[in-house]
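> Note that the protein sequences, when read in sequence, are chains L and E.
Counting from 1, one number per residue, gives the positions in the first sequence under our numbering.
Counting from 1, one number per residue, gives the positions in the second sequence under our numbering.
Simulated from the structure, these hints should not be mistaken for laboratory data.
Check before you lean on any hint, since a few could be wrong.
Said to hold, decoys possible - Quick list of simulated restraints, FRET-style, between CB atoms:
| no. | chain 1 | residue 1 | chain 2 | residue 2 | range |
| --- | --- | --- | --- | --- | --- |
| 1 | L | Pro153 | E | Val77 | 18 to 28 Å |
| 2 | E | Ser53 | L | Leu114 | 52 to 62 Å |
| 3 | L | Leu149 | E | Glu84 | 34 to 44 Å |
| 4 | L | Leu155 | E | Ala61 | 36 to 46 Å |
| 5 | E | Glu66 | L | Glu95 | 19 to 29 Å |
Stated by the list, open to error - Okay, the calculated bits of chain E under chain L, using three or more residues with CB under 8 Å as the criterion:
| no. | region |
| --- | --- |
| 6 | 15-28 |
| 7 | 56-68 |
Treat the numbers as computed from the prediction; the structure is a model and nothing was measured.
Idealized CB from N, CA, C, for every residue including glycine.
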Amino acid sequence: MTTPELEALGALTREYAAFQSRKSGLATALGGLMAVVLVIAALSPNFMGVHFTDRLLIEYLVWVPFLWLALKGLVSRTLYRGLGTVKPTPDGAYERRRWFWILGLALFLLAVTLTAMYAFASGFLQSNHSRAALCPPPMWILVMPFLYLLPMPWLIRGIEEARVYSVLVAQCILWLIPFFLFSFGPPNPPMQSGWGLFGNLTGIVLVVLIELIQIWGALAMIRGWKEHRKYLAILRALPREA
Amino acid sequence: MSKTGALPKAILDLDRIVHEPARLAILTVLASAEEVAFLFLQRITGLSKGNLSSHTQKLEATGYLETVKVFQGRIPVTSFRITEDGRTALRLYHQQLRSLLPKEGKP
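The following block holds chain E by itself, in its conformation from the complex (with noise of 0.2 Å):
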């Protein structure tokens, strides 16, 4: 098969739970850190608390994140932290991606 016949399956290939913009951002804030709280997750992606809750709800049955919950006297906090599964699957998601884009400079 030819290299622009590879493309296609080279795209499809993508993991799609880290290929969509809110959970691929939530992804990046986590792997730039051991911890983070709920609060600034959401204030750094500019995504609503639903919206946040859905997307991180699917990383954490995909294995790429886990919640922590903790009580700061009697507020619980939530913070999440991402898996090696997680770290690895954007790694991947980074190179695949890299490969599929047009060096620089060429159309």
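One chain only, chain L, in its complex shape (with noise of 0.2 Å):
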């Protein structure tokens, strides 16, 4: 057995254990095109006063991560452990930017709870606020950004997972603060001045956003797609059974 071919063995057996911890393969993939389908989603005419079956869109499209989270892992069990479990070696700093990207969302989902309670706490959005024109959406959705946090030390593995799962998280978020300020914010807000500028820079704001979401989830899902391609080499480099 020559050099080559070990350094071979140990590329291939590094290659196949970061499929089993850090790379996700199809599941970004999966990602991509379940960010883009939110953007879509929410673009759709009338979003805020979409209905099935008495239910507002936006109450199923909060289930989007845990639903990407769960098609992850049967992906994962499905198709990148067919030849067993293989642990990779680990690595300090790879599992302190894993903890970054933890702590970020954790951040920005505390952020928007705190802004939140307190617009509702100042009354800035008031709950008893009737509009008959908009759907309010429940208040059991104020309890996802918690829900959201829950699962994240367990089942983000990888800095990939996590920037899937940030995007489509983000994105949830992102989609509910329309309905909380049009359905519990102040009364006929573009004839107040400040209103008509902040409308203006949210709604560009927003442009940007969901130009740079489809960008990256065009970009997540061929990056997903090489990825199981990588996986499908390795599997082509292992040798026949004995």
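Please assemble the complex out of the two chains, which come individually in their own frames, going by the hints.
Spelled out as structure tokens, the structure:
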């Protein structure tokens, strides 16, 4: 056995092990697709009034990050563990980066929750405000940020996965904000000068974010597919069974 | 003793447990991960079940690897991990072999 062959053995093992902990292959592609679908759903006409069996569309969309987690687990189990588990060598720097993403998302969700609580407490958002034209989202949706946080330390194993999950969660929050603003916000906001500017700025930010999410989603689909092909190449590189 | 005279002894000093190709492959794979399942080790080395078992038993008896047995549901799953002694032996073997081989470009 020559040195390059030994190096190839080591490299194949490391690559295969990466799929058990850091890479997610098709799950990344699926996450990109879901991010794009979320954008399309949110851009559908009358998004805020769309109902399915007496529920608002957003009440289904907020579960998309969990659906992705479930699909990711399924993909990982069925596609990337066919030859048994190979635990990669621990990498402290990688773990720190993973936790950076987890804590980053946790801080974002905390900030959103605290802002929502402050908005209700200060009277800016009024839960008893009735607006016949808009369908207010149910209040249980405010618990979602906490639910999003729960599975992160255990189910988000790699940085790529953390990115996908963060984009999906951030999108859900992004689409929830208009619901709460328009359903519980001050009446006739466009009539006030400050609101007009706020509305324009929010619109620009929203358009930029939508474009970024779509680009990211497309890139994630390509990256995930490439990763999957790399995995298939690993399987092809393995010797035939004895 | 001349350098050429020292070579045979250096060759004889090679760790024969590591020197065997199948065991060398096993140790190389194990050194590239924290824990490796039996199935993957079998596929990547291309060894038969019996052959792999016999080599891993030998390596375990020497203290170069340890066997981890867990149950996934009701199915027993066997994995292996390299020990510190095994890692040292592999590193030493590489060093010895490199010092024995002629430099590139020289016959």
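> Are the hints correct? Go through all of them and say.
Here is how each hint holds up against the structure:
no., hint, in the structure
1, L:Pro153 - E:Val77: 18 to 28 Å, "holds (25 Å)"
2, E:Ser53 - L:Leu114: 52 to 62 Å, "holds (58 Å)"
3, L:Leu149 - E:Glu84: 34 to 44 Å, "holds (38 Å)"
4, L:Leu155 - E:Ala61: 36 to 46 Å, "holds (40 Å)"
5, E:Glu66 - L:Glu95: 19 to 29 Å, "holds (24 Å)"
6, 15-28, "holds (count 4)"
7, 56-68, "violated (count 0)"
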